[in-house]
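Asks: Residue numbers (my numbering), protein chains in the order written: chain A, 114 to 336; chain B, 92 to 307.
FYI, nobody ran anything at the bench for these hints, they're computed from the structure. Keep in mind that the hints are not guaranteed to be accurate.
[Said to hold, decoys possible] Stretch-level coverage of chain B by chain A, calculated; a stretch enters the list once three of its residues show a Cβ under 8 Å from a Cβ in chain A:
| hint | stretch |
| --- | --- |
| 1 | 126-134 |
| 2 | 177-187 |
| 3 | 260-274 |
Built from N, CA and C at the ideal position, the CB exists for glycine as well.
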Amino acid sequence: MSSFGSKRMAASSAVTAGYVLKPPPFSLDALEPHMSRQTLEFHWGKHHRAYVDNLKKQVLGTELEGKTIDHIIHTTYNNGDLLPAFNNAAQAWNHEFFWESMKPNGGGKPAGELLALLERDFTSYEKFYDEFNAAAATQFGAGWAWLAYANDKLKVVKTPNAVNPLVLGSFPLLTIDVWEHAYYLDFQNRRPDYIKTFMNNLVSWEAVSARLEAAKAASSSSA
Amino acid sequence: MEPCLETLKTASLPDLPYTYDALEPAISEEIMQLHHQKHHQAYVTNYNKALNSLRSAMADGDHSSVVKLQSLIKFNGGGHVNHAIFWKNLAPVQEGGGKPPHDPLSSAIDAHFGSLEGLIQKMSAEGAAVQGSGWVWFGLDKELKRLVVETTANQDPLVTKGSHLVPLIGIDVWEHAYYPQYKNARAEYLKNIWSVINWKYAADIFEKHHRDLNEF
């Protein structure tokens with residue numbers, strides 16, 4: 114794995130390097146009514162937990178055992194020809210990143226430098242909103258939509274299944290999980306309503322700003 | 092050359108051959124209603140939109156758009172094709188759901204998988220292992236004259252794995268197929284669904300092909 118890759122990983126996340134099921138930075142009912150406690154109980158308590166537990170089992174006795182999640186993700190991405198542990202490793206990472214992308218009473222328009230950058234790279238917050246919304250709505254099947262940073266520019270990216278921008282060469286700043294398990298209990302088939310609720314009520318722009326600062330620092334320090 | 096102007100035959104949502112609650116307790120009424128009226132309907136609607144766009148693009152000679160539309164057609168058309176088969180793959184217990192297949196399929200299953208239970212275990216295992224969204228299939232390979240278990244991603248129909256493959260039974264393992272009732276327990280869904288699988292449908296299709304294939 115290139116040193117740039119590892120800087121990108123390190124900068125993008127306070128995501129734990131070990132195989133730990135970290136609790137979300139809020140209680141499981143704190144996002145009500147926008148994301149129910151029941152959803153968090155299953156999504157974090159069952160789905161995310163299973164990715165972490167299965168990753169541990171899967172790497173046991175292999176050369177991946179003891180390696181950081183970052184390392185496993187990069188190695189098993191294998192330029193798109195995914196190796197078996199990729200799904201569990203990337204999903205463990207993605208979910209921790211997702212919880213930390215949200216907060217109670219979040220959402221809406223950011224302020225300050227982040228707003229300025231969104232306006233610079235998307236023309237307006239509304240245009241960013243529409244693009245992020247469209248990416249999340251049109252990712253067919255399971256996947257994620259992201260706000261990401263690369264080459265001093267913000268962009269919206271959508272990925273299938275467990276893929277994330279780390280393996281595509283950019284710093285993730287924000288994500289929404291659009292696997293059906295993320296919204297089915299609260300919204301059933303109505304993914305557009307889920308996306309709208311996320312954008313208007315759940316996004317933690319503080320987390321996004323912090324990640325952007327780390328991304329800029331990492332970018333400038335790697336030559 | 093004149094563009095083809097015949098009426099476009101769009102898709103429509105087929106009726107279920109049973110009521111929404113008829114597959115309880117294996118599959119809940121809530122799921123059947125959402126699955127049919129929302130998910131399958133959306134595939135039909137979006138497939139028809141894509142078909143209309145495709146016709147315009149073809150009439151205009153807009154080849155880039157023709158190519159670009161293929162993924163929408165595959166997603167939504169595949170969704171329609173797959174679900175239309177799926178509803179026929181299921182039957183209430185009182186109408187034969189779960190009842191083992193008749194010959195010649197029954198003997199062919201024993202020859203290829205050891206037993207019906209062997210086939211069921213293989214399909215359940217492969218269905219559980221699908222990452223993300225997709226389907227697990229039991230099919231007939233007309234060319235190689237054998238039965239197969241395959242999985243496809245998203246709404247890819249079985250034929251995307253081989254043009255000579257005929258679907259006999261498909262099981263939807265998208266989360267929408269089981270989530271309200273089973274939540275994350277896909278394996279439990281795959282265990283219970285066998286009680287409402289319509290083996291007769293599979294056996295009838297197989298019999299038709301079996302006659303055409305001489306020796307099997």
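Asks: Indicate, hint by hint, whether the structure satisfies it.
Replies: Results of checking the hints against the structure:
1. With 3 residues having a Cβ less than 8 Å from any Cβ of chain A, the stretch 126-134 of chain B passes the three-residue criterion, so the hint holds.
2. Beta-carbon proximity to chain A at under 8 Å applies to 0 residues in the stretch 177-187 of chain B; the threshold of 3 is not reached and the given coverage is violated.
3. Coverage of the stretch 260-274 of chain B by chain A holds in this model, with 6 residues showing a Cβ closer than 8 Å to a Cβ of that chain against a need of three.
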